[in-house]
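These protein sequence lines are chains R and W, in that order. Sequential numbering of the first sequence, starting at 1, is according to my numbering. Sequential numbering of the second sequence, starting at 307, is according to my numbering.
It is worth saying that the hints were derived from the structure and are not from the lab. We put the CB at the ideal spot given by N, CA and C, even for glycine. Careful, some of the hints might be misleading.
[Claimed, not checked] For lysine to any residue, the following SDA-like pairs were computed, each having C-alpha atoms within a straight-line distance of at most 20 angstroms:
id, chain 1, residue 1, chain 2, residue 2
1, W, Lys610, W, Thr804
2, R, Lys50, W, Thr804
3, R, Lys63, W, Met890
4, W, Lys342, W, Gly358
5, W, Lys785, R, Ile271
6, W, Lys785, R, Phe182
7, W, Lys820, W, Lys785
8, W, Lys785, R, Lys277
9, R, Lys63, R, Met52
10, W, Lys790, R, Tyr44
11, W, Lys884, W, Leu895
12, W, Lys600, W, Arg391
13, R, Lys63, W, His794
14, W, Lys610, W, Ala659
15, R, Lys32, R, Phe182
16, W, Lys878, W, Leu861
17, W, Lys610, R, Ser45
18, W, Lys657, R, Thr300
19, R, Lys50, W, His794
20, W, Lys790, R, Thr300
21, R, Lys277, R, Phe217
22, W, Lys785, R, Ser45
23, W, Lys867, W, Tyr849
24, R, Lys50, W, His690
[Claimed, not checked] According to the in silico footprint, chain R covers these stretches of chain W (three or more CB under 8 angstroms from chain R):
id, stretch
25, 363–370
26, 435–445
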Amino acid sequence: MIYYILTVIITLLIAPLLLGFIKAFKMVLLYKKPSSIFQPYRNYSKLLSKEMVLSQESSDITKIAPFLVLSPLLVVVLFLPPVVSEAFYISFIDAFTITGLLALSTFFLMLLGLDCASSFGGLGSSREAFISSIVEPAMILNIFSISMMAGDLGVGKASVNLALVFPSAHMASFIFAGISFFILLLTETGRIPVDNPDTHLELTMIHEAMILDLSGFYLALIEIAASIKYIIFSSLFASLFLPFGLELNPFLATLVFIIKLILIAIVVSLIEVSMAKLRLFKVPNLLGIAIVFSFLSLITFYVLGA
Amino acid sequence: MFQFDMLSLLFVGLILLGYIPNFFYTLGYLPHVQRKAHFIIHYIAFGLSLLGVVLANNSIVFLFFWELMSLTSWQLILTEANNKRSTLDAAKFYFFMTHVGFVFLLLFFLIVSGGNLEIDFSHMHDIASTFAYPTLLFFFLVLGFLSKAGAVPLHVWLPYAHPEAPSPVSALMSGVMIKMALYGFFRFLFDVLYPWQEEWGILILVIGAISSLVGVLYALSEHDIKALLANHSIENIGIILIGFGMGMIFDSLHLYTLSSFSFIAALFHIFNHMSFKSLLFMGAGSVLHQTHTKNMEKYGALIKSMPITAWTFLLAAISISALPPTNGFLSEWMIFQSLLGSNSIESMSLKLAIPFAVFALALTSGLAIACFVKAYGITFLGLHRSENAKHAKEVNFLMQFGMILMAMVVISLMLFAPFYIYYFDKALYSLGHVSVYKEIFSTNMFNLHSVANNGGVVSPLLLVGLLIGITTLLMVVYKVLGIKVRIHRTWAGGYRTTADTQYSSTGFAGPIRKFFSWLYKPDETIKKVHIGESKTKFSSANYEMHVTPLFEKSLYQGTTKIATMISYWVYKLAHFEKTRYAAMIFNLLLTVLFSYRVFYGDFSWATLMLEAVVMVISIKILIIGETR
């Protein structure tokens, strides 16, 4: 039990660190002087102590939605796959529920965008609605195929199974599912080929547009939610598609897990510096690739058993 | 005459759960209705006919109540007609489609009852099993019931008819009446046509998958709030049919546990759809009652003046979008699990086909979220988009009470899911299927297990508890920090936000509409008043967009065109060429005689060929004649 609680706490604590790391690493790659990787924590503490400005046009939705954006994601953190083999208590919740909880958080985020009557908010919500509705089938097909390989739909059990018996017989479908999931990671966490988290330009922004009218405490909640969403996806990727290190002793296992997260962060930042943001109507093509790879993964699993 | 087995009682429960909150809502709505006596008589007769349909035990009683249900709902659509063109057309369309369905049902009953419509349903199985073409009977059922349920391609009337009725009636029609068709499916497929062929299940699955996608896509392009909800009924019927089809496929492959699980999922979704769709229609009705318009572009900021309507509508919107921990999520989760059970299917081609159904269902639920963000955000959030929205007030107490009652039904379906599933399981057991309640709740009441061999677990109460707990915790933190709040206007890049600068519902669905423009084929017109000779500067612009449903355009209007052509040709023959007309009657007689032999079971390819040759020759010589 103590390991479980420690894992949850570590996950929550390093979530902003990863975003800070990606930003710093990107700056290094671009020959800039990097910002501190602890910058996100400073931002949060600054936002938490600030006075809050509420829009006079907004309604009660603005007063509850930021909480409901964050809380489903925190619930998901409780159900993430175990990092050390003993930390396996309530991780029986399956991947459909996780998808649903993420969608619940996005639902309130989109309402938040529409609430303050600004055209920026509507713009962000509209784009987010478009993208997240195409993400859903890719995500669910992906879950479908990984659950076949792992022999269980619950993410906790699945990652343990994968770590115990690596599906080397199903390598092809495993890699296809991995590619598809990585695209989903980039899409859902709003990284560069889909959305640019660093700009406030109305032509490109999606996530930032929805939260343009928030400030102070509520903005901090949403920013924390963004970092937690990132760690949910990267730790799912780390446990399901890089399944090793679970059998080590708790300290080493946690270390291996953090190294895996940092590796994913490095790959994400490399993609970010080497690619331009896609036009909004090119994004479905990228997601189409994700959907096709999930289908391929399922079909190779069924037909070839590979 | 009547029967009270578990399935009937289950659907009686469904009707009561849908009708009682609706009744209170209707009492509040009544002052708004002009023809009160007409409305009340038909409203009560409609409720009784619904009960009659599910309790009937022989064909004549069933058909009587079925027809009564269609006619009373047809009259209810016409309550507020006032010679309005759209309402009259919708009612005509509804009347026509429902009777097409009725004809097929009548054919079905005439065959399976051996001509005696008064025998009990339980005796029909023996007669049906001696009939040579069970697939024909299955098609009669599909055409008869699915035309009522509004599954593709027999759905075109639904987005016209349901919105034109007074709002409480729309709620009853979408929530309860279309479920009667599914009751018919359960009753007659299980009791009369039991050993199913594998292809039947696949057909139902395909219809379900297509219906769900078509329904949600046309819902997204709608800006009439009630038509949007009616299109969502098509979607949800599709989802139910996916569950039902999977149940049939599993049963024909002898995977009985999975089959029961899928049917329970379908039944659960029937109940869920009844609850949230009724609530949504009541909410839409309240908004319509206050603003006197169905156009979503004229709403906005109604959450400030109509809080009860807004919050109950939000609950229903979350539930219909299948977001956890609501009841809509639970049943869709079960349907996903049953699709996932397809990995125990042996047949490779079938196994490869199921992921496409998963894809359709997943895309549907993704688009449903987008659609309800649009419906909720445009209606209740932002600024008032018209004068009507500005003067809206909360509806009267009875209407509020109806909505709150229905919200309770939604919440009870979420919290007491094991209780409901227990009765769904009992109903299936009474229909001769295996009981899976013990497998679903194998550890305790709180964890819902899938029966598929690597299925998942979901615990609705745990999810509700955690969500509420964590949200409260965060709110407590907010209160403890004691943050100062300043009210200021929305930042809009230096300009003032006005009602016109907000996103409209057409604009919100813009990206999705553009992506699916190959399906929608929208008629877009942009009118600009240019300034002088300039090509880029304009003083005013007007953008109009209309979407005609593809099925209506191709299938229905095409059929109408062909029917018109044929009838014109026959008219010409009948009035100007009497001999040929007589020859045509002769040919018709030949067709009847020949087809009678086919249906009688005396069928062989040789005689069919011979008869076809005789027909072709007589048509060529007697009717078409020599072409000049």
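How the hints compare with the structure:
no.: 1; hint: Lys610/W - Thr804/W; result: 17 angstroms, holds
no.: 2; hint: Lys50/R - Thr804/W; result: 28 angstroms, violated
no.: 3; hint: Lys63/R - Met890/W; result: 74 angstroms, violated
no.: 4; hint: Lys342/W - Gly358/W; result: 24 angstroms, violated
no.: 5; hint: Lys785/W - Ile271/R; result: 41 angstroms, violated
no.: 6; hint: Lys785/W - Phe182/R; result: 39 angstroms, violated
no.: 7; hint: Lys820/W - Lys785/W; result: 44 angstroms, violated
no.: 8; hint: Lys785/W - Lys277/R; result: 40 angstroms, violated
no.: 9; hint: Lys63/R - Met52/R; result: 12 angstroms, holds
no.: 10; hint: Lys790/W - Tyr44/R; result: 17 angstroms, holds
no.: 11; hint: Lys884/W - Leu895/W; result: 17 angstroms, holds
no.: 12; hint: Lys600/W - Arg391/W; result: 16 angstroms, holds
no.: 13; hint: Lys63/R - His794/W; result: 15 angstroms, holds
no.: 14; hint: Lys610/W - Ala659/W; result: 48 angstroms, violated
no.: 15; hint: Lys32/R - Phe182/R; result: 27 angstroms, violated
no.: 16; hint: Lys878/W - Leu861/W; result: 26 angstroms, violated
no.: 17; hint: Lys610/W - Ser45/R; result: 33 angstroms, violated
no.: 18; hint: Lys657/W - Thr300/R; result: 12 angstroms, holds
no.: 19; hint: Lys50/R - His794/W; result: 15 angstroms, holds
no.: 20; hint: Lys790/W - Thr300/R; result: 58 angstroms, violated
no.: 21; hint: Lys277/R - Phe217/R; result: 30 angstroms, violated
no.: 22; hint: Lys785/W - Ser45/R; result: 16 angstroms, holds
no.: 23; hint: Lys867/W - Tyr849/W; result: 31 angstroms, violated
no.: 24; hint: Lys50/R - His690/W; result: 31 angstroms, violated
no.: 25; hint: 363–370; result: violated (count 0)
no.: 26; hint: 435–445; result: violated (count 0)
The structure is inconsistent with the numbered hints 2, 3, 4, 5, 6, 7, 8, 14, 15, 16, 17, 20, 21, 23, 24, 25 and 26, although it conforms to all the rest.
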